[in-house]
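Colleague: Residue-level listing of the chains:
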Amino acid sequence: MIPAAFEYIRAGSADDAFAQLQRLGADARVLAGGQSLIPAMRFRLARPAVLIDINAIKELSNIGIDNGRLTLGAVARDCAIERAPWIGERRWSLLHDASRVVADPVVRQMGTIVGSLCHNDPAGDWTTVALATRAEVVVRGKAGSRTVPIDEFLVDSFTTAVAEGEMATAVRFPVPGDRTAGSYQKVERKVGDFATAAAAVQVTLAEDGTIRDAGIALSAAGPCAVRVSEAEALLKGQKPTAEVIRGAAAAASKKSAPQADLRGSVAYKKNLAGVLVSRGLRQALARLGVQS
Amino acid sequence: MRVSIKVNGVAHERDVEPRTLLVYFLREHCGLTGTHVGCDTSSCGCCVVVLDGDTAVKSCTMFAAQADGREVSTVEGLAQGGALHPLQQAFWDNHGLQCGFCTPGMLMTSYALLKHKPNPSETEVREELAGNLCRCTGYNNIVKAVRQAAETLQAAPVQK
Amino acid sequence: MNLQYSGEEIIAADKAAVWKAITDPEWVGRCIPEVVDVTVRDPTHFDAVAKVGVGPVRGNFKFRFELVPGASGDRMDMKISGGGFGSAVDLTAGADVSDAGGGQTKLSWSGQAVARGPVAAVGGRVLDAQAQKLISQTFANVRERLSRR
Amino acid sequence: MSIEATPKGSMGVAMKRKEDPRFLQGKGNYVDDLSFPGMLHMAIVRSPYPHAEIVNIDGSAALKVPGVKAVITGKDLEAAGLGWLPTFHGYDKQMVLAIGKVLFQYQEVAAVFAESRAAAADGAEAVEVEYKPLPVVADPFVAKQDEVLLRPDREAKTNHIYHWEVGDKDKTAQALGAAEKVIKQRIWFPRCHPAPLEPCGCVAQFDTMGRLTFHVTSQAPHVYRTAITIVTGIPEDKIRVISPDIGGGFGNKVPVYPGYVCAIVGALKLGRPVKWIESRTENLTSTGFARDYHMDVEIGARADGTVTALRVSTTADHGAFDAAADPTKYPAGMFGVVTGSYTFPVAHAEVDAYFTNKAPGGIAYRCSFRVTEASYAIERGMDILADELGMDPVELRRKNFVRKDQFPYASALGFTYDSGDYHRTLDVALEKIGYQALLKQQAEKRAKGELMGIGFSTFTEVVGAGPSKHFDILGIKMFDSAEIRIHPTGSGIVRAGTKSQGQGHETTWAQIVAEELGLDPQNIMVEEGDTDTAPYGLGTYASRSTPVAGAAIAMAARRIRERARKIAAHLMEVGEGDVEWKDYKFQVKGVPAKSVTMKEVAFAAYTNPGQNEPGLEATQYYDPPNMTFPHGAYVAVVDVDRETGEVKVRRFLAVDDCGTVINPLIVEGQIHGGLTEGFAIAFMQEIQYDKDGNNLNTNFTDYLVPTSLESPKWETANTVTPSPHHPIGAKGVGESPNVGSPAAFVNAVIDALSPFGVRHIDMPITRDKVWRAIRDSDPAKG
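Residue numbers (my numbering), protein chains in the order written: chain B, 1 to 292; chain Y, 1 to 160; chain C, 1 to 149; chain S, 1 to 782.
Don't take every hint at face value.
[What the hints assert, rightly or not] Over the 10 Å line for every Cβ pair with chain S, so calculated as not near, a few chain C residues:
| # | residue |
| --- | --- |
| 1 | 40 |
| 2 | 51 |
| 3 | 68 |
| 4 | 92 |
| 5 | 100 |
| 6 | 114 |
| 7 | 118 |
[Claimed, not checked] With the Cβ distance kept under 7 Å, some of the chain B side facing chain S (calculated, not the full set):
| # | residue |
| --- | --- |
| 8 | 1 |
| 9 | 2 |
| 10 | 187 |
| 11 | 189 |
| 12 | 190 |
| 13 | 262 |
| 14 | 264 |
| 15 | 265 |
| 16 | 266 |
| 17 | 268 |
| 18 | 275 |
[Stated by the list, open to error] Here are the in silico distance ranges between beta carbons for each label pair:
| # | chain 1 | residue 1 | chain 2 | residue 2 | range |
| --- | --- | --- | --- | --- | --- |
| 19 | C | 39 | S | 530 | 54 to 64 Å |
| 20 | Y | 80 | S | 29 | 21 to 31 Å |
| 21 | C | 144 | S | 66 | 36 to 46 Å |
| 22 | Y | 122 | S | 210 | 50 to 60 Å |
| 23 | B | 58 | Y | 117 | 20 to 30 Å |
| 24 | B | 257 | C | 144 | 26 to 36 Å |
| 25 | C | 30 | B | 257 | 28 to 38 Å |
| 26 | Y | 117 | S | 210 | 55 to 65 Å |
| 27 | S | 29 | B | 143 | 55 to 65 Å |
Just so you know, the hints here were simulated from the structure itself, not pulled from any lab data. Where a beta carbon is used, it is the ideal one built from N, C-alpha and C, also for glycine.
Let the hints inform the model, and build the full structure from the sequences given.
Modeller: Right, dumping it as structure tokens:
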């Protein structure tokens, strides 16, 4: 299947890309990894008049940790996380888990984290991880760059805070403390499928072994990734007991509002939300040496 | 638009429509038909080629324009001086192919895999090949073949 | 796939004014969100080209509209068909027009979208968002433009 | 564990495949790899509506698209007398391009010809078609009501296509009535699709003499040539069909598709070569699907488990046209093998087929004409019976197996099973899988509330269609053929009417010839798929290559041996009667020292034949006296996650008996592949339609093919019971694993769920279905 014709522009720098976007407005689409956009174009669901290719922009492929933030540029690939030297540290276990189940291993060579956030598929993986880790997205607009908390960034299915003529240039994850671990639990029909349901979990323990902080989010549980604030509140300050975990799981199951589709019924997906949050919490805690 | 892509070490400069997918550039503009098209959704991996020496990509989900000025390796470039690449030899020895349609993609994904993980476990091979579909072999023999090739390459690395 | 929507609009204009407006194809055409062009074919039929932009689905799409005014003047039905890329999208929308008192008029509308072909298979969820936007925004714009007067 | 054979000469040798080097180097020659000067590309406009009247087709905008040369519609074809094409078993015909109305979603409506792939796609998008939707029938049980007539073009004003039955209806009813135990279960084998990785496609071109060369992804090139003549009237001598390398077929590349006819018409009309390569979506939505059989299975038995009767009543959904590629006299194919491996004294099977607004087909997906459906029905049925009798499913099977000494065995539904040793094959399976240990482990796990299941399938297949007194396609008897030429220096070429799609014929055919003639298989070239050079054959599907063409090849080789014997006698200056073929050479009886090799004889055949006819060639057409009946015993071990419904296949052992093994490497590869397809069918594959007739599984994101990660690691073993009537005793193996495995997977899952009293779940067994089965089960249990 062949896409509709379009004009191709290879941007040399972030400034260049942004200038082109400003000039072309709604007719243009930014091409990063293209792993969602190009198939959509082959089916002619997407037919942008102009593609602005940002893949060659070095400054946007950076991955770096500076003042308490892990920053990933707009063309940092999924596989780069999987291969990062620090990824083995338990504080990054949520990102590490997710980086191994996004799409398939070959698609991950091209696919980008920021691109997947901007696509904002209801069953996406990175959007869910970004919620649990309280990430923020750097968006470049007329008034310069601004930082948008992920909860505000994800507006609706396939809709984000990136307005026409704007572009997301990076995502920032707070560097967790060393008493932090996470887990990404995904049920998929096969490798390469979107989640039937998935749960991103990250917990930080206090000195006294109570949960200082928790991030809990669900995929395929609403118009876009869902934060289970009820579960987060429930966990905060508690000793990680089986009962607390059950409570968090129940909250997740209650919060989940999935669509029935070929991947499963509403009842099944709501059940999964609870099961996966509970498994995620247990694995995260196990990684912190706590058996629950 | 004009694009110049180095394929298996040879520069190919062509005028193409921006919408030309890399796989069709290789097949129809360079005459390298070893890279196949098996789906429209980036699912099957029949079209996998290696970009800049160590990155396996699905060439049906990339425009030729994106590869302008870069190096692409295809299945046609694996054998050197008439000698099969250890991966090709191992697929042959272990009956790792039947209809042959997925084989080029399988070989190129495996090629990139061994650049990153020279000695993968059976599970790692199964994980890393999960972006390539095969309808004929049931994968057992493909996994065997990749591990045999890994051993051969570690014993006597191929220059390239 | 088969999707259903419904809603209600209170318009600061009397029923006669509302009825006059929503039976005018040109006028209704201009209420379609992101409309680029309206071509009236006859008093009850018009084509509209609208800009669609949800997620990956972007571009100008052509829709054919048919207005089916109820004889009694308090029901308006609308048939909308669009398509392209070997797909078909059929939308139907209907509104009960009633006096809401105080010179205001109530539009209680409901609509459904049926999509067929690749667009449903591949873009189902995207389409849902788009169809909902098309129908609900159209009625919202009806209120907007009439209330502004 | 692997497939074992006793190598002897070239037979039973695990020879590496001769065809591999070209595939490994990207030098395979698939149809989309072909390019000819001036070649045009074709794209097809398809209907988004499952059932609609075509009000108008406007191609004017398409013709304005740069590069677009022509647009053709059903009206154009009808005017040229090419509106319809016959379906293979002759019960129906199919529209080439929609005429008047469309009958299924994605049906072919118009064809666009253009200078490039892209221009063709642009043109197809620009064709404007106005439809008037009609009421949709997406369910065969609704079609039965005949409230909406889908095919007014047919004489019979009904959606019912045919009724087919076999066996003794009354005796079966009596036996079921008298049985101490009767089980009844509705079992659905869902609609699935072979989905070979290479989609279908063709290139049609006419030379200046008006001769058509048609490259096409065909499993049966000769039948295509004849079919093209029937449809177009082009004389058969003016048609050359070439099947190049094929990227998997699995039955999908047996039927002739509308796109092929359009490409030929375009090439004729425009005087240029035309290429058509379908997309994955087109492949999944419009080309031959498989199964869609709703089977009501009843088994009668005595309290001790001895089976006394079997009745199966099936409702078949054939879609908009009856395009099932079954032999003429067998609209339900070999479904009569539904009595399986068991001694049913009486049985009755009937199939009623209906039209619906779904894609046409009913082809055999890696299966010998409906054998997969039959095998699944009986193997599920036996497990349900065992469960209701409280018997071990293994014991129930063993008790009712056809015994070794009963072969040849006449089944209640009319087949004569050639040979088998079911007890032995099962014993090998039980021993290798460690059944007793597994039962013990299962008991321990159940005590802990863990769900583990063990599932069996001890199937019998019927392949190698088939004897000409019974089997034909379009009237052509289902024989096959071989032609062998031995060159002066002792190398040779064999040509056959079959066409490999990955089965490895270039290797196995050479091995057969080499074995029969004492030559080196490396120097026996194999050529298939070109109707100008290969003898007429019915092609490769239904596991018929080895049973039919393989036999023809062996017999052709033996004819050559007989001619060679005369020359050998001349060379050794003895009477022909004194010459014997021993240790791969000709010897003077009793004088082993005095011998000549086939190489020497071959040279003499061209240089010094004496009084004998020069040269060394033979052609053989083989009409099999009977089908062959491969069998196997499969065991699946699964673990079920009760919270997510996830099923993990921990182990799977396949013990196959395909008779004589020609090449164990290839046989094992075939089994691995077939098991993986069976696994996919059991757990993930279905072509679903919603009630409005929309196809919901139109590409690989929703029609799922398992990856290396989901696919189990297969264990294989085999027993060897040669076929008594096949010249080399081979039975065919390609389809056994796909025919036998689905029941083993499902039986294992149901066994795992037995604590919850779950009796049956229809495939594909998704996590959601498993989870709901547990949720909805009797709370007292589990």
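Colleague: Indicate, hint by hint, whether the structure satisfies it.
Modeller: Results for each hint:
1. 40: The claim stands: residue 40/C keeps its Cβ more than 10 Å from every Cβ of chain S (closest is about 19 Å).
2. 51: 19 Å, holds
3. 68: Given a closest Cβ separation of 17 Å, the condition holds.
4. 92: 12 Å, holds
5. 100: Fine: 36 Å to the nearest Cβ keeps residue 100/C off the interface.
6. 114: 7 Å, violated
7. 118: Non-interface label fails for residue 118/C: nearest chain S Cβ at 6 Å, not farther than 10 Å.
8. 1: Result: holds, 5 Å to nearest chain S Cβ.
9. 2: 4 Å, holds
10. 187: 6 Å, holds
11. 189: 6 Å, holds
12. 190: Given a least distance of 5 Å, the restraint on residue 190/B holds.
13. 262: 6 Å, holds
14. 264: 4 Å, holds
15. 265: 6 Å, holds
16. 266: It is violated, given that the least Cβ distance between residue 266/B and chain S is near 10 Å, above 7 Å.
17. 268: 4 Å, holds
18. 275: Holds - the Cβ of residue 275/B comes within 7 Å of chain S, reaching about 5 Å at its closest.
19. 39/C x 530/S: 54 to 64 Å: Given range 54 to 64 Å: holds, Cβ gap about 56 Å.
20. 80/Y x 29/S: 21 to 31 Å: 23 Å, holds
21. 144/C x 66/S: 36 to 46 Å: Because 42 Å falls inside the window, the suggested range holds.
22. 122/Y x 210/S: 50 to 60 Å: Holds: the Cβ-Cβ distance is about 57 Å, inside 50 to 60 Å.
23. 58/B x 117/Y: 20 to 30 Å: Distance hint for residue 58/B, residue 117/Y holds at roughly 26 Å.
24. 257/B x 144/C: 26 to 36 Å: Since residue 257/B and residue 144/C have Cβ atoms about 30 Å apart, the given range 26 to 36 Å holds.
25. 30/C x 257/B: 28 to 38 Å: 35 Å, holds
26. 117/Y x 210/S: 55 to 65 Å: 58 Å, holds
27. 29/S x 143/B: 55 to 65 Å: 59 Å, holds
Against the hints set out earlier in the document, violations occur for numbers 6, 7 and 16.
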